[in-house]
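Sequence lines, in order, name chains V and Z. Residues in the first sequence are numbered consecutively from 0, following numbering that gives the first Met the number 0. Residues in the second sequence are numbered consecutively from 0, following numbering that gives the first Met the number 0.
Keep in mind the hints are simulated off the structure, nothing from the lab. Hints may be right or wrong, so weigh each one.
To be verified - Some chain V residues flagged as far from chain Z (calculated, every beta-carbon gap over 10 Å):
| id | residue |
| --- | --- |
| 1 | V30 |
| 2 | G63 |
| 3 | Y70 |
| 4 | D119 |
| 5 | H121 |
| 6 | V123 |
| 7 | D126 |
| 8 | K132 |
| 9 | N135 |
| 10 | S157 |
| 11 | V178 |
| 12 | I183 |
| 13 | E198 |
| 14 | V204 |
Unchecked claim - Calculated pairs, DSS-like style, for lysine-lysine (alpha carbon to alpha carbon, straight line, at most 27 Å):
| id | chain 1 | residue 1 | chain 2 | residue 2 |
| --- | --- | --- | --- | --- |
| 15 | V | K132 | Z | K475 |
| 16 | V | K108 | V | K8 |
| 17 | Z | K497 | Z | K372 |
| 18 | V | K168 | V | K138 |
| 19 | Z | K497 | V | K181 |
| 20 | Z | K497 | Z | K107 |
| 21 | V | K168 | V | K108 |
| 22 | V | K132 | V | K181 |
| 23 | Z | K326 | V | K138 |
| 24 | Z | K475 | Z | K489 |
| 25 | V | K132 | Z | K380 |
| 26 | V | K138 | V | K181 |
| 27 | Z | K380 | V | K108 |
| 28 | V | K168 | Z | K489 |
| 29 | V | K37 | V | K74 |
| 30 | V | K138 | V | K74 |
| 31 | V | K108 | V | K83 |
| 32 | V | K132 | Z | K497 |
| 33 | V | K168 | V | K83 |
| 34 | V | K138 | Z | K475 |
| 35 | V | K74 | V | K108 |
| 36 | Z | K107 | V | K132 |
| 37 | V | K138 | Z | K497 |
In this text, a Cβ means the ideal position worked out from N, Cα and C, and glycines have one as well.
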Amino acid sequence: MSEHLHQEKWIRPYGDTMDDGRVQLSFTLPVSLDENAKEAARQLALRMGIEEPSVVHSESMGPGFAFFVVYGQCKHRVDMGRIKVARPEFEVLGKDAVNAKIAQLMGRKLVVVGACIETDAHTVGIDAIMNMKGFNGHKGLESYHEIRAINMGAQVDSEELVARAIEEKADAILVSQVVTQKNIHLDNLTRLSDILEAEGLRNRVILVVGGPRISHELAKELGYDAGFGPGCYAENVASFVIEEWARRHAVRQGA
Amino acid sequence: MSHLTLDQSLIDHARDLARRIARQVYDDMHRFTTTSVERATLRLMGVDGVDADQVPLPNRLVSHLQDQGLLSHGAAVTVAGAMIEHGLDIQEVAQAVADGRLPLRRPKNEPAARHQADDMAARMCERIAANRGMRAEAIARCGEARTPWLYLIVATGNIYEDIVQARVAAEQGADVIAVIRSTGQSLLDYVPYGATTEGFGGTYATQENFRLMRAALDEVGHKIGRYIRLTNYCSGLCMPEIAAMGAMERLDMMLNDSMYGIIFRDINMQRTFIDQFFSRMVNAYAGIIINTGEDNYLTTADAYEAAHTVLASQLINEQFAYLSGLKPDQMGLGHAFEINPALENGFLWELAHAQLVRQVFPEACLKYMPPTKHMTGNIFKGHIQDALFNVVSVLTQQNIHLLGMMTEAIHTPLMQDRFLAIQNARYVFGNLRDLHEEIQFTPGGQIERRAQEALAETATLLREIEQTGLPAAIAKGTFADISRTLTGGKGLDGVVAKAADYHNPFPALMLPALMLDEERGS
Chain V
0 MSEHLHQEKW IRPYGDTMDD GRVQLSFTLP VSLDENAKEA ARQLALRMGI
50 EEPSVVHSES MGPGFAFFVV YGQCKHRVDM GRIKVARPEF EVLGKDAVNA
100 KIAQLMGRKL VVVGACIETD AHTVGIDAIM NMKGFNGHKG LESYHEIRAI
150 NMGAQVDSEE LVARAIEEKA DAILVSQVVT QKNIHLDNLT RLSDILEAEG
200 LRNRVILVVG GPRISHELAK ELGYDAGFGP GCYAENVASF VIEEWARRHA
250 VRQGA
Chain Z
0 MSHLTLDQSL IDHARDLARR IARQVYDDMH RFTTTSVERA TLRLMGVDGV
50 DADQVPLPNR LVSHLQDQGL LSHGAAVTVA GAMIEHGLDI QEVAQAVADG
100 RLPLRRPKNE PAARHQADDM AARMCERIAA NRGMRAEAIA RCGEARTPWL
150 YLIVATGNIY EDIVQARVAA EQGADVIAVI RSTGQSLLDY VPYGATTEGF
200 GGTYATQENF RLMRAALDEV GHKIGRYIRL TNYCSGLCMP EIAAMGAMER
250 LDMMLNDSMY GIIFRDINMQ RTFIDQFFSR MVNAYAGIII NTGEDNYLTT
300 ADAYEAAHTV LASQLINEQF AYLSGLKPDQ MGLGHAFEIN PALENGFLWE
350 LAHAQLVRQV FPEACLKYMP PTKHMTGNIF KGHIQDALFN VVSVLTQQNI
400 HLLGMMTEAI HTPLMQDRFL AIQNARYVFG NLRDLHEEIQ FTPGGQIERR
450 AQEALAETAT LLREIEQTGL PAAIAKGTFA DISRTLTGGK GLDGVVAKAA
500 DYHNPFPALM LPALMLDEER GS
């Protein structure tokens, strides 16, 4: 889109009137509560770009710590006209449609290997996508008769995951990362992608990551094909994988 | 609150099935020891420290004994024999073995070595008994909180930062501080050494970290006039060693489940069953309250459909606990508030499940866990979910109350997350304190029927498990929809058949007389 066609649309938060910019925030300061601490909270809000900050609540949390709730008006605006967030482009199909598409395009089962890698011990995410039961009434990949779904569980070494993917001739690898403290997930994910590169497998396998703090944009930055965050179920992942498989194999539906 | 009408004969029947299930496992596993049991034994006899590569000396000693084919006799007697023959203390023996200067062999004078080992064990038991006495005295002096106790987690990775947060939490009202472990520690086949300042999603469990936190909580407890209990994680491949360290440093609670490691960490079944027995024996002797992990079943399986698996597992955990000498008030049997909030009448079912557990285990120190699975980034809704959880806890008279965090789905708690969680619980507990005495369940109503249904399903499930045996039931995915086999998982290489002359000095000192007769008889 050329620059002059860009339609400006500046927005800021809506409290009870358009463009009033009203926001709330809460935080702890590492000082005991007194008048100086309250003033510090107010000044901090000002520096964050909150105009007319009002410290509506302050409370001592014991010696050396105080809690604050602040309301004010955000002075910043953003231009919606310039925002375009990367999203995996695919059509979300239901379970039956996914199965039918795999049967039609591949003529064999789609093989998916998944794991929570490295130090991460939290299988909630990978289980929600892969296990028979699924999550919130959305059955997992194990329940798709056209998919062979192998969930390796928690704390799987990247090497082990890649070895299994080779052994199973996997079409796709799903990794889950829940723990993000100190950005450990970035190290883990980079490590897996490096190993796949080194093994010459990166282009042969569809690489997908999911987790509560994972965005598609982050996934692309890390060299993954797609990233799935909260609110995604097995059918989202399966729909993406089969469409990406079709794209790579230049198979057009109906062709 | 008036009780639910439950069929007591069905409860007794279920308990009897669980007793037979646990007994079968105990009899099958009793012929084995493990590398971690032997390392714990050496730690309790005084071995500590690491070599130049940071490998703990208990590991070096036990590896050496395993290489020499001596571990089946038990580490204690061989090492005690070396002390006598070379005139060294136990730490010097460990160091000499680690340096490659002293190859161990069977003691020349076996009775003398046994005697030496028994003496050293007796001295350690005196130390642990003294810790128990100090705890009782501190509680008598400072007082302790009413139940439900507020249980809070700190997890910065840095023990010194944890101490800052734990002190503040205690001053705000926390009764129990749990230092969550660094992710992955459960799969380390050694216990890290010394004070640690780096961890992922938690702080390494080390004996020095235990000591530092214990001292800080004693100090703050003294100041605020309330004994603050310290909790850590007696689970994973080093379960018995963590128990030993906790007993020496006067921890008060340990997460210590008989099956959690098998199901959720893929640790070998045999290894876990042997390790849990020894670790629970140490915990029992040290007066530690164990916490079991049934809440985890509900984060994987559906909380409504799987309610009976929680009760079945609690009954099995209770029987394993008895076999190790734990008393009912040391049994923090776990369960959780994890029903999907979108389910109509979900609160009724939570109430039914929690009250059922309360009535089946009237003397246990029940541990009730907050919503996690259905927590989202909507912290405002999350705070209300936690409030409903608090209501059930106070109404059903739970004992250990793990505080729900509104930011559960987002990050390890910030300072204000804990602060608001404590306020939430204190508000609900205070406002509803005696409500349970004022209201009744409708006889034959939905809550009572739901509890009866879950109890009946529990008995059916336990009958099935009793017929196939527990290992086969776990292999079938009975718990948390996860399947594990007897020879699968990590740590099987640490399982060692005991020789006829195997000796470990601690059971004779730590197990109650009744259990000991059985131990000797088998």
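>> So, against the hints stated earlier in the document, which numbers end up violated here?
In response: Violated hints: 2, 4, 5, 6, 7, 8, 9, 11, 12, 16, 17, 19, 22, 23, 26, 27, 30, 31, 32, 33, 35, 36, 37; rest satisfied.
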